[in-house]
Each structure stands twice: as structure tokens, then as C-alpha cells.
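Protein chains in written order, with our numbering: chain H, 82 to 291; chain Z, 82 to 291.
Quick caveat, the hints were computed from the structure, so don't treat them as lab data. Do not rely on the hints blindly, as some may be mistaken.
Since the list can't tell identical chains apart, any single copy or any two copies may satisfy a pair.
[Unchecked claim] Straight-line C-alpha distance at most 16 Å; calculated EDC-like pairs for lysine to aspartate or glutamate:
#1 Lys143 to Glu106
#2 Lys264 to Glu238
#3 Lys143 to Glu118
#4 Lys143 to Asp270
#5 Lys93 to Glu106
#6 Lys225 to Glu106
#7 Lys98 to Glu167
The structure displayed is predicted, hence computed values, not measured ones.
Number of protein chains: 2
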Amino acid sequence: MQPPVKMRKNAKQARAKQSVSTILEATTQLLERSEIEQISTNHIAERAGVSIGTLYQYFPNKTAIFVAIAEQDIEQRFNLVAEAIEKADGDLAEDATRQMMRAFIKSFADAKHNAALIRVLMATRSTAEARTLPVDAIAKLLAKAVRRSGATRALTETSAFVLTRAVLWTILTATIDAPHLLKRQEFEDELVRMVQAMLRPSGELEDLTQ
Amino acid sequence: MQPPVKMRKNAKQARAKQSVSTILEATTQLLERSEIEQISTNHIAERAGVSIGTLYQYFPNKTAIFVAIAEQDIEQRFNLVAEAIEKADGDLAEDATRQMMRAFIKSFADAKHNAALIRVLMATRSTAEARTLPVDAIAKLLAKAVRRSGATRALTETSAFVLTRAVLWTILTATIDAPHLLKRQEFEDELVRMVQAMLRPSGELEDLTQ
DNA sequence: TCTTAATGTGAGCAATACTCAATTTTCTAC
DNA sequence: GTAGAAAATTGAGTATTGCTCACATTAAGA
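Please put together the full structure from these sequences, using the hints given.
Below you can see the structure in the form of C-alpha cells.
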């Protein structure tokens with residue numbers, strides 16, 4: 082199993098596009114039943130009703146299939162979050178940061194087969210390039226929510242990195258290790274607290290404990 | 082490759098213990114050269130100078146070998162952090178939280194082959210039970226540092242989860258994606274800011290933005 | 001020294017990821 | 001329509017893998 086790259090060949094005819102989506106669909110179904118290690122490419126091809134050769138015409142290796150699913154999945158989640166942010170545009174009464182965290186958590190709490198897909202994300206993330214996690218997109222969403230919430234601190238490369246990773250990975254690991262937390266109000270509260278602390282101007286925070 | 086479990090058989094004689102540690106040593110060496118997917122059990126056995134049968138006498142499957150290495154590695158890091166915390170016992174001038182974050186970051190910045198080992202951690206974490214990451218140990222260390230820093234907010238299950246995961250995974254992903262950040266003072270500052278915000282009593286934080 | 005337990009061996013099996021030469025289907029231009 | 005090219009599909013086959021097991025060797029205990 083080699084490091085994953087992009088699609089090997091572009092499907093031009095409708096027939097070919099059908100094959101690709103059938104393969105992805107079959108893989109998703111198998112992921113509901115089995116662990117990722119137990120899923121073989123031959124198995125996927127069989128369930129999709131295409132030959133193993135067709136599979137490798139479009140995916141350079143096994144990992145690429147899982148990466149494709151993970152990317153597709155996370156894109157959907159982010160669209161949900163972005164949509165929720167847009168919808169809450171005029172809603173200034175409630176804190177925009179909270180709005181976003183709520184949408185974010187919800188997108189993971191609602192989705193089926195969370196754990197399996199997150200594990201795919203982690204597993205691919207751990208071998209592939211970082212492309213799988215669109216952290217830039219998250220950072221932009223955060224920045225938008227921030228502007229609306231009235232916080233003024235400018236995010237540097239470093240602070241943006243810490244903020245986005247902290248939020249993202251906390252939700253990801255919660256989805257796997259403690260999914261019940263996603264339903265708790267307190268979980269949302271803690272994330273909001275964290276994000277707001279990272280966004281508040283420095284003067285208001287420093288040296289309160291000394 | 083099946084889900085990893087514990088060691089298959091306990092090495093009683095010195096000869097056997099030697100075999101086990103030789104296998105782990107050989108695997109570590111291979112990890113410096115190759116990606117985890119390209120390392121085969123036969124390859125490990127060959128390099129360790131033991132037969133493949135001996136390898137499977139002590140490790141139930143391939144993953145178990147990597148888990149063993151990851152656990153061993155992370156235990157060392159935590160010992161370093163714990164040690165640093167202890168040493169700074171009388172040192173009340175500097176914030177205990179900062180002391181801990183610094184030791185934590187340093188343990189990742191100094192270690193050789195960080196990225197490779199973290200990837201092992203992530204990959205195993207993504208299939209195995211959560212045992213690989215001793216988050217409880219981290220939570221305890223944090224609590225210790227907290228008490229010393231004078232913060233008073235009690236940690237619940239939820240807040241402890243968010244705090245430990247946010248800190249741990251931010252450092253982990255930084256080690257892989259942006260190792261240069263580990264050397265920046267600002268990175269430490271941001272983590273300290275985050276932790277202190279999570280530990281400060283609620284009254285001092287709420288509704289500052291409204 | 002004899003017995004038993006612990007350790008080590010490696011040929012071999014089932015399963016895997018992936019290739020490629022050959023075939024079938026669709027598109028295009030006349 | 002029809003011919004030819006391009007796109008898509010096929011699946012037997014290859015190399016390699018994770019792992020087992022019957023057997024050989026070494027050490028421990030009496």
C-alpha cells in the first residue's frame with residue numbers, strides 16, 4: 082500500500098463516472114460493517130459489481146479510495162457549518178462563536194458512522210499529505226465568526242494554528258472516544274470558552290493569576 | 082492485520098527478553114528509513130536476526146509491535162514532563178502551567194524521529210483502543226500544575242477531556258505538520274493562554290465580549 | 001542425568017494489493 | 001449507417017504479505 086495520490090484517470094463518460102461513484106458507495110457500505118483493515122480492494126470491487134481492473138483504473142491504490150471518501154465527507158460537514166454561519170447572519174443576540182461551535186459539533190453528532198469515518202481520516206492523515214483536513218477553510222470560518230462576535234485580536238500563523246487544531250482535534254477525538262460528550266451543553270460551553278479566550282485581546286487575559 | 086492486543090507470551094528467560102527488545106530495536110531502525118506501510122514483519126524479523134516464528138511468539142500481530150514502540154516512546158516523554166514539573170517545585174515565581182507546557186513541547190521538539198513516531202501513534206490510535214494515549218496521566222499532571230498555579234476551577238469530566246485533548250493534539254499535529262512552530266515562543270504562549278483560560282474560574286471570563 | 005518447560009525455527013498457506021494484455025462499449029466523423 | 005479511434009471494462013496472474021504450526025534446540029529443575 083503506497084502513499085495515496087490523486088485520481089489516476091478522469092472519468093469522461095457517464096458510464097465511468099457511475100463506476101467511480103459505485104465504488105465509493107460500496108466502500109462506504111463496507112465501512113459500516115467492517116474495520117478498515119479488513120476491507121480488501123477485491124472485496125470492494127466485488128460488492129460494487131465492477132472488476133478489480135476498473136477499480137485501479139481510477140484509484141492508484143487502496144488508500145486513495147478511503148481518502149476520497151473522507152474528503153467528500155468532511156466537505157459536506159463544512160458546508161453544513163458554513164451554511165449555519167450564514168443563516169445566523171442577522172442574529173447578533175447570540176454569540177457568533179457559539180453559533181459556529183454548535184454547528185460544528187452538530188455536524189459530527191448527527192452524521193452516521195462517525196467513528197469509522199474519523200478513523201479513516203486519522204489513518205489517511207497519518208500517511209498522506211495534510212490535504213485531507215481543510216484547516217484553512219476552518220480558519221476562515223473562524224475568522225468570520227470572530228469578526229462578528231466583536232473580538233479584536235488579530236490571528237497570527239501560530240495562534241491560528243493552535244486555535245484551529247485545538248478545536249478540530251478535540252471534536253474529532255470526542256467523536257471516537259466519547260461520543261456522548263457531543264450531546265452535552267457543557268461540551269459546547271468549554272469549546273466556546275476556549276475559542277473566546279484565544280480571540281480576546283491580550284490585555285484582558287494576561288497575569289490574572291498572579 | 083488484526084486489531085492489536087497485548088503481548089502474546091511473557092518472556093521469562095533473559096534470552097527471550099533479548100529477542101523482544103531486539104525486535105523493537107530493529108523496528109525502530111526501520112521506521113527511521115521507511116514509512117510504516119512498507120515495513121513487513123518478515124523484514125523486521127530478518128533485520129532483528131530472529132525467525133518470523135519468534136516474532137509471532139511475542140507479538141500477536143504486526144500492529145502490536147508499533148503500539149509497543151509508541152507506548153514506550155510516549156511513556157518516556159511523560160516521564161520527562163513529570164520530572165520537569167517536580168524539579169520546578171519550589172519555583173513559584175514562574176507560572177507552573179507555563180513550566181509544564183514548556184516541558185511538554187520540549188519533549189516533542191527534542192525527540193528524534195518525531196514525525197514518524199507520531200504517525201505511528203495516530204495510526205495505531207485510529208485502530209486500537211485508546212490505551213495508547215495516557216490521557217489520564219496528562220490530566221493528572223495538568224491538575225498538579227493547576228493547583229500550583231493558583232487557579233481554582235474544578236475540572237469536570239467534560240472540561241478535563243477538552244483541555245487534555247486540545248493540548249495534546251495541538252502539539253501532536255504541530256510535530257507533524259509544522260515542526261518549526263515548536264521552537265517558537267509564541268507557540269508556548271498560545272498554549273499557556275489556552276490552558277489558563279480553561280482553568281480560570283468562570284466568573285472572570287463570562288460575557289466580556291457583550 | 002532425565003524430564004519438562006521455554007524458546008527458536010522456517011517452509012508453507014491463505015490472502016492481499018496491484019498489473020496488463022485482451023475485449024467490449026461508446027464517441028466521432030463522414 | 002459505418003469505420004475507426006478512444007474510453008472503459010475485464011479477470012487471470014504475479015509478487016508479496018501476515019501469520020501458523022509441526023518440529024528442533026536450549027535452558028531449568030529434580
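Verification of the supplied hints:
no.: 1; hint: Lys143 to Glu106; in the structure: within (15 Å within a copy, 29 Å between copies)
no.: 2; hint: Lys264 to Glu238; in the structure: between (32 Å within a copy, 14 Å between copies)
no.: 3; hint: Lys143 to Glu118; in the structure: both (11 Å within a copy, 12 Å between copies)
no.: 4; hint: Lys143 to Asp270; in the structure: neither (40 Å within a copy, 41 Å between copies)
no.: 5; hint: Lys93 to Glu106; in the structure: neither (19 Å within a copy, 50 Å between copies)
no.: 6; hint: Lys225 to Glu106; in the structure: neither (34 Å within a copy, 49 Å between copies)
no.: 7; hint: Lys98 to Glu167; in the structure: neither (32 Å within a copy, 61 Å between copies)
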